[in-house]
Amino acid sequence: MDAVSENDVYGTFVFLFATVFVVLSNVLLLNILIAMF
1 MDAVSENDVY
11 GTFVFLFATV
21 FVVLSNVLLL
31 NILIAMF
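When we follow the working numbering, the leftmost residue of the sequence shown carries the number 1, and every step to the right adds one.
Since the hints were derived computationally from the structure, they do not count as laboratory data.
Heads up, some of the hints might be wrong.
Stated by the list, open to error - Cβ-Cβ distance ranges computed for the label pairs, FRET-style:
{"hint": "1", "residue 1": "E6", "residue 2": "M36", "range": "37 to 47 Å"}
{"hint": "2", "residue 1": "E6", "residue 2": "F37", "range": "43 to 53 Å"}
{"hint": "3", "residue 1": "S5", "residue 2": "F37", "range": "47 to 57 Å"}
{"hint": "4", "residue 1": "M36", "residue 2": "S5", "range": "39 to 49 Å"}
{"hint": "5", "residue 1": "D8", "residue 2": "F37", "range": "43 to 53 Å"}
{"hint": "6", "residue 1": "S5", "residue 2": "A35", "range": "39 to 49 Å"}
{"hint": "7", "residue 1": "L30", "residue 2": "Y10", "range": "25 to 35 Å"}
{"hint": "8", "residue 1": "V14", "residue 2": "I34", "range": "22 to 32 Å"}
{"hint": "9", "residue 1": "N26", "residue 2": "E6", "range": "25 to 35 Å"}
Computed from a prediction, not measured in an experiment: that's the story for all the values here.
Just so you know, even glycine gets a beta-carbon here, dropped at the ideal spot from N, CA and C.
Input sequences plus hints: build the corresponding full structure.
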């Protein structure tokens with residue numbers, strides 16, 4: 001059970017990190033587009 005729960009927590013952390021990374025990259029792209037225009 002411990003290995004499964006640790007793996008689940010790790011998967012959730014990776015999922016959250018990926019979501020934050022996507023949001024930040026989208027914001028940076030929007031800022032670049034706004035700066036170009």
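Could you see if the CB distance from S5 to F37 stays within 47 to 57 Å?
-> holds (49 Å)
Please test the hint of 43 to 53 Å on the beta carbon pair from E6 and F37.
-> holds (47 Å)
Could one say that the CB atoms of D8 and F37 fall in the range 43 to 53 Å?
-> The hinted range 43 to 53 Å holds for D8 and F37, with Cβ atoms some 44 Å apart.
That 25 to 35 Å hint for L30 and Y10 (C-beta), does it hold up?
-> holds (31 Å)
So the hint says 37 to 47 Å: do the beta-carbon atoms of E6 and M36 match that?
-> holds (45 Å)
Between V14 and I34, does the C-beta distance stay in 22 to 32 Å?
-> holds (30 Å)
With 39 to 49 Å as the target window, see if S5 and A35 comply at their CB atoms.
-> holds (45 Å)
Please test the hint of 39 to 49 Å on the beta carbon pair from M36 and S5.
-> holds (47 Å)
Status of the given 25 to 35 Å range, CB of E6 versus CB of N26 = With Cβ atoms ~31 Å apart, the hint holds.
Violated hints are absent here; each numbered hint is respected by the structure.
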